[in-house]
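Enquirer: The listed protein sequences derive, respectively, from chains V and F. If you want our numbering, it's the 1-based position in the first sequence plus 2. If you want our numbering, it's the 1-based position in the second sequence plus 2.
No lab work stands behind these hints: they were computed from the structure. Be aware that one or more of the hints could be misleading.
If chains are identical, the list can't say which one is meant, so a pair holds when it fits in one copy or spans any two.
[Claimed, not checked] Result set (SDA-like, lysine to any residue): computed pairs, CA atoms no more than 25 Å apart in a straight line: (1) 27 - 224; (2) 128 - 13; (3) 128 - 269; (4) 128 - 196; (5) 85 - 247; (6) 27 - 198; (7) 85 - 233; (8) 128 - 197; (9) 206 - 195; (10) 27 - 12; (11) 44 - 54; (12) 56 - 179; (13) 278 - 121.
Model, not experiment: these values are computed from the prediction.
There are 2 protein chains.
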Amino acid sequence: MSDAPTTAAPLTDFSRLCVHTITTKPWTIEKAAQHFAQAGVKGITVWRDTLAGKNIRQTGQMLLDEGLSIVSLCRGGFFPHLKETGRQAAIDDNRRAIDEAAELGAPHVVLVCGAAVGQPLAESRKQIRDGIAALLPQAEAAGVKLAIEPLHPMYADNRSAVNTLGQANDMAEELNSPFVGVAVDVYHLWWDPTLEQEIYRCGKNGHLLAFHICDWRTPTVDLLNDRGLMGEGCIDLRQIRGWVEATGFSGFNEVEIFSNRLWAGDQHEFLENIKKAYLEHS
Amino acid sequence: MSDAPTTAAPLTDFSRLCVHTITTKPWTIEKAAQHFAQAGVKGITVWRDTLAGKNIRQTGQMLLDEGLSIVSLCRGGFFPHLKETGRQAAIDDNRRAIDEAAELGAPHVVLVCGAAVGQPLAESRKQIRDGIAALLPQAEAAGVKLAIEPLHPMYADNRSAVNTLGQANDMAEELNSPFVGVAVDVYHLWWDPTLEQEIYRCGKNGHLLAFHICDWRTPTVDLLNDRGLMGEGCIDLRQIRGWVEATGFSGFNEVEIFSNRLWAGDQHEFLENIKKAYLEHS
């Protein structure tokens, strides 16, 4: 919130480029790791579906052997449920996610917090806070942080009742633990008129754990799987990255793109386009 | 913001039921007026497309002759453009909308404020404020108010850079004119954790000009034209109507539904379903 210009300078190398496994969804984690490393990508965020049936500790070692930094594990969350049994099952699943992150070597688990159709948003929000609070002793014991990711308001029905960075900041402040922070994703937050001040607040609190990038396409034809590659849409990525870096954040720029269109194409070509877009538009 | 319960009591009659012409899009304005009146609907909000090529004064008289209250004219707005010529064309079009509202006998024009891909949101927001300010003398002369409608953040790319009620309230306060107010639409605002306090603020300012209802479906398959009938989705309509009525608002509950699915069906049946849903779920 200084008077200094906060638009970031263009990125000139891939030292802070991380790609989410979901971004190149057709690839197994082994293929993703190999191709990311060959392409010069330095970080990987692992989605839990890619770990099914695998020895997670060995998988983590494989990623390190490829020279990749393990940036985070996606995802825990989905705390709200109408019934207590559902809420308990969610907490149990989040306990497994924390264990998996520890075995993999990921410093934090990203939380898509959830929402339950059929109960007030305020109740879902309370269940999210209570769910995270219940996990804190285990998170601390495992040395794994929990990153609350506010999701776009178009997901408030059933994916997340945390829909602004202000809310996520409020919740992280209230939980007041060194094992709770926030993940900032431009897709979810770019529209928010309070974004600059909330990024500043998040950073000042020491809560800014992750920064996710992609773009918003016009028109967007699918609410979930029509994200754009950086530069394909209207998000002012350098402005937002400037605000993030002004807080002192020096972590990875994580490319997280869900796109039926881009998943349908050649993934090697897509990865090259990600690198190009990273330098030109991010 | 009192401690009294603010959830509204069920509606028991149609004295405050208004339907937008876009809701029954397949009908001409003459058919809509006739069928609304026959069904006991008391108010109509007119979309400008239904007036094309018509004598607007005579059309307004026709609506009154059917016993309908003319609740508002939809819509003006779309102020932001990259070029000055585009911004001027938008202002000219809004001047026509004000004239049309005066001829029709509508007390206000609803503004879908617009947004321009290719310029910062902050610039679009400034152009919106400047555009409305430029219209104020004419609005005052015509006795027609302008209602800023905040739109859901999923429309921030090209439909509106005003995406929260807080923003609309800020803008209305800044413009500080008896001819500027706000339209509250549950579809756009239901997710907002600050909604109760912003409705209270809007009402206290005397800015709450209109209240639009429908529902949010899960899943939503189209960003624009997949709204639900009241009760088909997750919006807590009585809670929000309670907040609105707690401000002293006693205007119409306007049913505004864009739905390819519902437009494809029999519109008489749809209108009966609207009446049923109005009593049971609104």
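Enquirer: Of the numbered hints stated previously, which ones are contradicted by the structure, given in increasing order?
Expert: 2, 3, 5, 6, 10, 12
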